[in-house]
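Undergrad: Top to bottom, those sequences are chains A and B.
With this note's numbering applied, the first sequence has no gaps in its numbers, which climb one by one up to 128 at the end.
With this note's numbering applied, the second sequence has no gaps in its numbers, which climb one by one up to 196 at the end.
Please note that a few of the clues may not be correct.
What the hints assert, rightly or not - Dumping the calculated PhoX-like pairs for lysine-lysine here, alpha-carbon to alpha-carbon at most 25 angstroms:
1. A/Lys63 - B/Lys120
2. A/Lys118 - A/Lys72
3. A/Lys72 - B/Lys115
4. A/Lys92 - A/Lys72
5. A/Lys63 - A/Lys108
6. A/Lys128 - A/Lys118
7. A/Lys92 - A/Lys108
8. B/Lys99 - B/Lys85
9. A/Lys128 - A/Lys81
10. B/Lys121 - A/Lys63
11. A/Lys107 - A/Lys81
12. A/Lys107 - A/Lys92
13. B/Lys115 - A/Lys92
14. B/Lys99 - B/Lys115
15. B/Lys120 - A/Lys72
16. B/Lys111 - B/Lys165
17. A/Lys128 - A/Lys107
18. B/Lys115 - A/Lys63
19. B/Lys121 - B/Lys99
20. B/Lys129 - B/Lys115
21. B/Lys121 - A/Lys72
22. A/Lys118 - A/Lys63
23. A/Lys118 - A/Lys92
24. A/Lys118 - A/Lys107
25. A/Lys108 - A/Lys81
26. B/Lys131 - B/Lys85
27. A/Lys108 - A/Lys118
28. A/Lys92 - B/Lys165
29. A/Lys118 - B/Lys129
30. A/Lys128 - B/Lys129
As the list claims (entries may be wrong) - Which residues of chain A face chain B? A few of them, derived with a C-beta cut under 10 angstroms, are:
31. Arg35
32. Thr47
33. Gly48
34. Met93
35. Thr97
36. Gly103
Read the hints as simulated data drawn from the structure, not as lab findings.
For every residue, glycine included, the Cβ atom is placed at its ideal position computed from N, Cα and C.
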Amino acid sequence: MLTGAALVLAAGLAAAKDAVPAGDVRAGEAVYSRCLACHALAYDRTGPRHCGLFGRRAGSVKGFPYSEAMKRSNIIWNEKTLDLFLANPTKMVPGTAMGYAGIPDKKERADLIAYLKHANESAECGK
Amino acid sequence: MSFLIQAQELAPGGTRRSFIGKSGLLLSGAAIALLAGQDALAAKGAASDATSDARILNTALGAELEAIAAYQVGAESGLLQKPALDLALTFQGHHKAHADILSQTIAKLGGKPVSAKKEYRFPTDKLKTQADVLGFAAMLEKGAVSAYLGAVPLFDNRDLAKAAASILGDEAMHWAVLRNALGQAPVPSAFMV
Chain A
2 MLTGAALVLA AGLAAAKDAV PAGDVRAGEA VYSRCLACHA LAYDRTGPRH CGLFGRRAGS
62 VKGFPYSEAM KRSNIIWNEK TLDLFLANPT KMVPGTAMGY AGIPDKKERA DLIAYLKHAN
122 ESAECGK
Chain B
4 MSFLIQAQEL APGGTRRSFI GKSGLLLSGA AIALLAGQDA LAAKGAASDA TSDARILNTA
64 LGAELEAIAA YQVGAESGLL QKPALDLALT FQGHHKAHAD ILSQTIAKLG GKPVSAKKEY
124 RFPTDKLKTQ ADVLGFAAML EKGAVSAYLG AVPLFDNRDL AKAAASILGD EAMHWAVLRN
184 ALGQAPVPSA FMV
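Please model the complete structure; the sequences and the hints are all you need to start from.
TA: Shown next, in the form of structure tokens:
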């Protein structure tokens, strides 16, 4: 039977296993170039803006015509939810308008998320 | 024959006769089921697949309409000189052709094609030279290639996947030519991602 300390350790190990690895901002900027047919940081295009992404409820940018699926998803964007979504958008949110197969490489996703976090702290995002 | 669309094959309500009559195309799973006499299953699957495919195509259409507007801004900027101006107008024409066929296909699938926005936002404050405009266009084209690359595996209808791949190839050529015009290596890597 696990002791309290062992449970804490096991929980910590499980969390570490699920954690999004630290990404490289520069590499992430290159990955972001794949998004530029539809997205921009500071304004809405075919897809919604990425400034203000972290902590935002999915489907909540005012005036953007989201799919019903995204509006109903109840996702709050953070490293973990972004990692899951970017791996396979249509699996996580069936019916999303983001008709994109996803980024299967965990390192590339981590890099992209690192870039998005960095960009969200930049002047382009009003910081 | 158009590389892309045969309306009867794609419309969820298309008849078996019309479906079989157009035998020149590859057969999707739904078509195989129809030919095997599993009409109800095929009809159900076709409607669901068509909705999903139409959604993917509508996102692509939105991006194509924006690209048309972007090239218009570039053409009217006064920054492009021949032959770059001719290139921009040629590529804009390709995007118009893509948008037309995507719009028709979405309608055939029972969807409602998105319309062009009344206004698009572009970083015009950063476009001061011909190279800036070409670089912006190249960035959009590269993004478009990645977007189609990400869409191709999602289509339920293999003919649509083939058609999207055809558009992908065209936009990859745009990207390469724009890079070449900028003095960059036109094809910087062996694979697109």
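Undergrad: None of the hints should be skipped; say for each whether it holds.
TA: Okay, the hints, checked on the actual structure:
no.	hint	verdict
1	A/Lys63 - B/Lys120	holds, 16 angstroms
2	A/Lys118 - A/Lys72	holds, 23 angstroms
3	A/Lys72 - B/Lys115	holds, 19 angstroms
4	A/Lys92 - A/Lys72	holds, 15 angstroms
5	A/Lys63 - A/Lys108	violated, 32 angstroms
6	A/Lys128 - A/Lys118	holds, 12 angstroms
7	A/Lys92 - A/Lys108	holds, 20 angstroms
8	B/Lys99 - B/Lys85	holds, 21 angstroms
9	A/Lys128 - A/Lys81	holds, 23 angstroms
10	B/Lys121 - A/Lys63	holds, 18 angstroms
11	A/Lys107 - A/Lys81	holds, 12 angstroms
12	A/Lys107 - A/Lys92	holds, 16 angstroms
13	B/Lys115 - A/Lys92	holds, 23 angstroms
14	B/Lys99 - B/Lys115	holds, 18 angstroms
15	B/Lys120 - A/Lys72	holds, 21 angstroms
16	B/Lys111 - B/Lys165	holds, 17 angstroms
17	A/Lys128 - A/Lys107	violated, 28 angstroms
18	B/Lys115 - A/Lys63	holds, 23 angstroms
19	B/Lys121 - B/Lys99	holds, 16 angstroms
20	B/Lys129 - B/Lys115	violated, 35 angstroms
21	B/Lys121 - A/Lys72	holds, 24 angstroms
22	A/Lys118 - A/Lys63	holds, 21 angstroms
23	A/Lys118 - A/Lys92	holds, 24 angstroms
24	A/Lys118 - A/Lys107	holds, 16 angstroms
25	A/Lys108 - A/Lys81	holds, 13 angstroms
26	B/Lys131 - B/Lys85	holds, 17 angstroms
27	A/Lys108 - A/Lys118	holds, 15 angstroms
28	A/Lys92 - B/Lys165	holds, 22 angstroms
29	A/Lys118 - B/Lys129	holds, 23 angstroms
30	A/Lys128 - B/Lys129	holds, 19 angstroms
31	Arg35	holds, 4 angstroms
32	Thr47	holds, 4 angstroms
33	Gly48	holds, 8 angstroms
34	Met93	violated, 14 angstroms
35	Thr97	holds, 8 angstroms
36	Gly103	holds, 7 angstroms
When held up to the earlier numbered hints, the structure conflicts with 5, 17, 20 and 34 and fits the remainder.
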